[in-house]
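Asker: Read top to bottom, the protein sequences are chains A and B.
Note that my numbering has the first sequence beginning at 1017, numbered continuously upward.
Note that my numbering has the second sequence beginning at 14, numbered continuously upward.
Think of the hints as simulated: they come from the structure by calculation, not from any bench.
Glycine included, each C-beta is placed from N, C-alpha and C at the ideal position.
Certain hints may be false.
[Claimed, not checked] Taking CB as the label site, the calculated pair distances span:
no., chain 1, residue 1, chain 2, residue 2, range
1, B, Q173, A, E1150, 48 to 54 Å
2, A, P1089, B, R156, 49 to 55 Å
3, A, L1279, B, D328, 23 to 29 Å
[What the hints assert, rightly or not] In silico DMTMM-like pairs for lysine to aspartate or glutamate, Cα to Cα no more than 20 Å straight-line:
no., chain 1, residue 1, chain 2, residue 2
4, A, K1123, A, D1158
5, A, K1284, B, D239
6, A, K1264, B, D239
7, B, K92, B, E82
8, B, K279, A, E1252
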Amino acid sequence: MSETPILTIDHLVKHFPTKRGVVRAVDDISFDIGQGDTLGLVGESGSGKTTTAQCVVGIYPPTSGQILFDGAPIGVAYNRRSKALKRRIRIVFQDPGSSLNPKRTIKQILSVPHDVHRIGSRHDRLSMMSHLLELVELPPTDYLYKYPQSIGGGEKQMVAIARALATNPRFVVLDEPTSALDVSVQGKIINLLSRLGDELDLTYLFITHDLSLMRNVATRVAIMYLGKLCEIARTEAFFRSPMHPYTKMLLSSIPVVTAEEELLKPKKIVSQGEIPSPVNIPTGCSFHLRCPERLPICSEVDPEMVALDDDRVVRCHLFPGS
Amino acid sequence: MERLLDVRGLHVGFKVFEGYLSVLNGVHLDVREGERVGLVGETGCGKTTTVKSILRVLPMPPARIASGEIRYRGRDVLKMSRRDMTALRRHELTAIFQDPQQSLNPVFTIGTQLRDIVRDSAIGRGKRLSRKDVEARCLQALRETGMPDPERIMTNYPVQLSGGMRQRICIAEALSSNANLMLADEPTTNLDVTIQDQILRKLDQLVEDKGASVMMITHSMGVVRDLTQRVNIMYAGSIIESGATRELLDNPMHPYTQGLMGSVPKLTGEGVTEGIPGRIPNYLDPPTGCRFHPRCEYRMAICESEPPPFFDIGDEHRVACYLYGEDA
Chain A
1017 MSETPILTID
1027 HLVKHFPTKR
1037 GVVRAVDDIS
1047 FDIGQGDTLG
1057 LVGESGSGKT
1067 TTAQCVVGIY
1077 PPTSGQILFD
1087 GAPIGVAYNR
1097 RSKALKRRIR
1107 IVFQDPGSSL
1117 NPKRTIKQIL
1127 SVPHDVHRIG
1137 SRHDRLSMMS
1147 HLLELVELPP
1157 TDYLYKYPQS
1167 IGGGEKQMVA
1177 IARALATNPR
1187 FVVLDEPTSA
1197 LDVSVQGKII
1207 NLLSRLGDEL
1217 DLTYLFITHD
1227 LSLMRNVATR
1237 VAIMYLGKLC
1247 EIARTEAFFR
1257 SPMHPYTKML
1267 LSSIPVVTAE
1277 EELLKPKKIV
1287 SQGEIPSPVN
1297 IPTGCSFHLR
1307 CPERLPICSE
1317 VDPEMVALDD
1327 DRVVRCHLFP
1337 GS
Chain B
14 MERLLDVRGL
24 HVGFKVFEGY
34 LSVLNGVHLD
44 VREGERVGLV
54 GETGCGKTTT
64 VKSILRVLPM
74 PPARIASGEI
84 RYRGRDVLKM
94 SRRDMTALRR
104 HELTAIFQDP
114 QQSLNPVFTI
124 GTQLRDIVRD
134 SAIGRGKRLS
144 RKDVEARCLQ
154 ALRETGMPDP
164 ERIMTNYPVQ
174 LSGGMRQRIC
184 IAEALSSNAN
194 LMLADEPTTN
204 LDVTIQDQIL
214 RKLDQLVEDK
224 GASVMMITHS
234 MGVVRDLTQR
244 VNIMYAGSII
254 ESGATRELLD
264 NPMHPYTQGL
274 MGSVPKLTGE
284 GVTEGIPGRI
294 PNYLDPPTGC
304 RFHPRCEYRM
314 AICESEPPPF
324 FDIGDEHRVA
334 CYLYGEDA
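Looking at chain B on its own, in the form it has when it is part of the complex (with noise of 0.2 Å):
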């Protein structure tokens, strides 16, 4: 399969006035056309941060892309002019945000977004539609999420609905840009389960109708599980395993990985492990080596000095981790 995104040895960090936070140290990751990819961390871990470099959305200053690559079918994003950046953003990348009150403009209504969206993304295809067109094709976005009576929703603000319904509209609205990939960045976090639940069954009909790729960013091993093919599991600014989701979160590697999936509360009621001591490393002075090692119960003393590289175990599954090592 063709790699849609292509992430290498992405290092980004922040110039703040205590010093520099060294925040992505060399994120590697792809998603292939028509995939769906996971990337999971906890907090502070970095995930939005790489998504935000991918669509270049981070305020510089404070921060800077350091090192690495971003290539988008190919072409290397971060070297993208201003306009072919919009242009990328308009058609092919499109994002879900966590915070649907953050991501609606509290003083428009709903249709007047949604046709700037529709208009727009059809006029940079080379295609001006009429108004009956754009008014038609919002509808139908909406009715797509699953939404009752579109008509009155378009001429709703957002502190109108509620929270399920706002996160829908922000679906709609990235799916009627008929982008290629779709970066959701924790799409249902805020909202209850039976509502989490709907829409992540209805995201993941529309994808699969539209073939899109989507990387799925969240904290949540169960959603991961439930949605995405493929998962890349992140700590202190690397992925340090990746791999076919099933496989992987029955087969975790890397110390971090099995620590975080013996916390996850199960329905079987065998009780929580401690979890993992410590915590997530201060980016303004982050350990060497592994950035896990401080915390990590099996460390070597090659841990603290050299970051590991990844290593196969078989089947897609890499680890970077010393202890997977040809020599360990």
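Excised from the complex, chain A in its bound form (with noise of 0.2 Å):
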């Protein structure tokens, strides 16, 4: 990581009045990313990886808590930010299916952002895109006259990342990038997303649910639970040694393919009970009435994050700290 983080959220919360509750979608958490990093956000859902992506991206602004871009807090909402900030912060959204006009050919989705941020000539506008679809290995010939429903998902795919790279941007918020993808497919943007991040120095957030797909790209790994991190370490690390008991479950269900990741797996935790409903978060820590290890403090303290050695912070009981 280097020295200044380009992101810093810092007690962060998100909470949605509804008539039956507060519903508490994110519930002060903080961590950084560093310049050229991946942090891989992962949770079950209703976990608030989402709700925290959309507060980064200015989609709803925080209830508490501060957001700082490059030093700078940015914790307000969409209509109130700069378009400077905005061209700086970019999201690619889940299913490029509903993400994209179906009724726009991919020249002019991909005119949207030149034209709101006025970037280019009109002159120019024609070759920019056809560079950003050279970007994400679409030939521009072929593409640029299409309708979205005439190409395939992973195309889809290729056209919404093409989009935020519209602008230039320092920052992309990935939210499950790939979950509506097939495999085959999926591998493909993977390596696109990795390669245009080395290329064009992008530091992402990615967000999804899948634990393996995480090994793979992430540099760091941060794991959300109702709202609150359990668990943020360096991707070698976190795999090697998970430590809070829910990153365990997390890990032992996953389903593998192969006999050498089973060695990889933590012991079988028998994964047991429901994720409680955010609107009523059980006492002390959230995840006490599913973990296999609690003590008798968990059901009333929530516990602290603590920082422990290896660039790593757990919040659990488990682990006090020094």
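Reassemble the complex: the two chains are provided individually, in unrelated frames, and hints are given to aid placement.
Answerer: Pasting the structure below:
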């Protein structure tokens, strides 16, 4: 990690008041991402990973807490952000089928960021769009005048990536970019993203629920559960020695395809219980109801994030820190 | 072991405005008594069409079963009368579909739906259960799937339950009919890994207890490796490779299977391969010969003209690819 992180999330909280109570989607999380890193944010549905991402891109203003980009606070809603900032932080959504307008050609789709941010003269636009398509390995002459419906899911996602790159961003949020795609297509997208990351010096916040995928793309991994972080560590260390009981449960639940992988999984932990509703989060540690290693204190006191060695942060009473 | 289900040369297509979609192109597969078989393939390869053909629930038209045979315990399913078919679906076959939201009726409580199944399947066996017995069996079925507080669940509507709970209801329904063969069509695809793990374990154990057979349809190689003894790999409407699960996944032979296995991200973190170039063919005008040949790096002249037959490469491992032909 470089000295100054490109993005710092400091005690971020996002609550949604509803008729049935306050949904604590993101509840006091802190982490930072260094320039050129890929932080993998992993969690099950309802864990708040997408809300975190949406706060970063400004779809929601945070309830409290701060988001710093390059040291400057950006914790405001999208309509109050400067265009320069919006150019820097971009997002790729999960399902390219619904994030691309079906009635527009790819050329029209790619020209929107250029129009909005007034990039390039009209004259240059076509060559810029061709360049974008070349970046994502789609031959421009074949694709510029096609409609999204006539290309495959993987190709659509590549167009969505090209659109995100149109403003020359430094930070890209990838919200489950491959979970709507088949594995044979996923590989291509992942390799494309990591190549682009190196070439254009991008920093990624990569959201997924697929831990095996995370192993192959992220430099650091953060695990979320019910709006809170459980564990953050560098990828190799994370998979070598998971510490938080939830992380262990997750890792031991992954179905794997080879015998070598099976050796890497922690001892089988029988997964039990349901994920509680974020309206009604259990007292103390939110995981204690499902935790196989719970202590008496877990149901009463919510543990703090504790920094251990090896660039690792864990939030669990089993690791009280020094 | 006796063959429970035997599908031979199944061709199914759909007549649509643009023409004829030839989806299933000669599916061969079988399930033996007490066996767990996997059917793996990517989106649009015809997995669900296969299941629906077996259950005979495809809407016809537009669907058309052009040729082929489906035999259940030797009886030809495609030639059965509607009455026999209903009986078959009631007692012998059962299915779990991907989206529990769609297979549960939103306007009836779980109890109503479960009681109907239990009562009907008993009537089919010529027994009439008392109200008490029905209730007891429902509760037991729910309890077997690890559901907390089954009495309360019986009075709930599907919307009141989470995705994992709903899928467990579907499993409870499927199990309460005491069927011999369960067709599980992506039963855990929409669920989180820890919940998926719970449900698969439960399913596995219950199937073991009841001695039923399962055909597990999924796109996840990991799930198949975990749960099945034999696996069939499907591509563009035909089975292209089949064999004992672990053996096949450790030594994939067909270029498609190899590509697929290479693109699964592994925990060992060696990176992912580029995947398989191209995409699944258009069923309006599928490639001649082997349907995989436009995407295959090893294609030969014969691949473009003749669909490959199965070549045995030992120990039940069969591959439909000319690379493994006698004279290749």
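Asker: Could you run down the list of hints and mark each one as holding or not?
Answerer: Results of checking the hints against the structure:
Separated by about 51 Å at the C-beta atoms, Q173(B) and E1150(A) satisfy the suggested range of 48 to 54 Å. A C-beta distance of roughly 53 Å is found between P1089(A) and R156(B), which places it inside the suggested range of 49 to 55 Å. Between L1279(A) and D328(B) the CB atoms are about 25 Å apart, so this pair conforms to the stated range of 23 to 29 Å. Of the pairs offered as hints, the one joining K1123(A) and D1158(A) holds, with about 11 Å between alpha carbons and a cut-off of 20 Å not exceeded.
Between K1284(A) and D239(B), the direct Cα distance comes to roughly 13 Å. Compliance with the 20 Å bound is thereby established for this hinted pair. This hinted pair checks out: K1264(A) and D239(B) have alpha carbons roughly 18 Å apart, not beyond 20 Å. Restraint check for K92(B) and E82(B): satisfied, since their Cα atoms lie roughly 9 Å apart, inside the 20 Å limit. For the suggested pair K279(B) and E1252(A), the alpha carbons sit about 13 Å apart, so the restraint of at most 20 Å is met.
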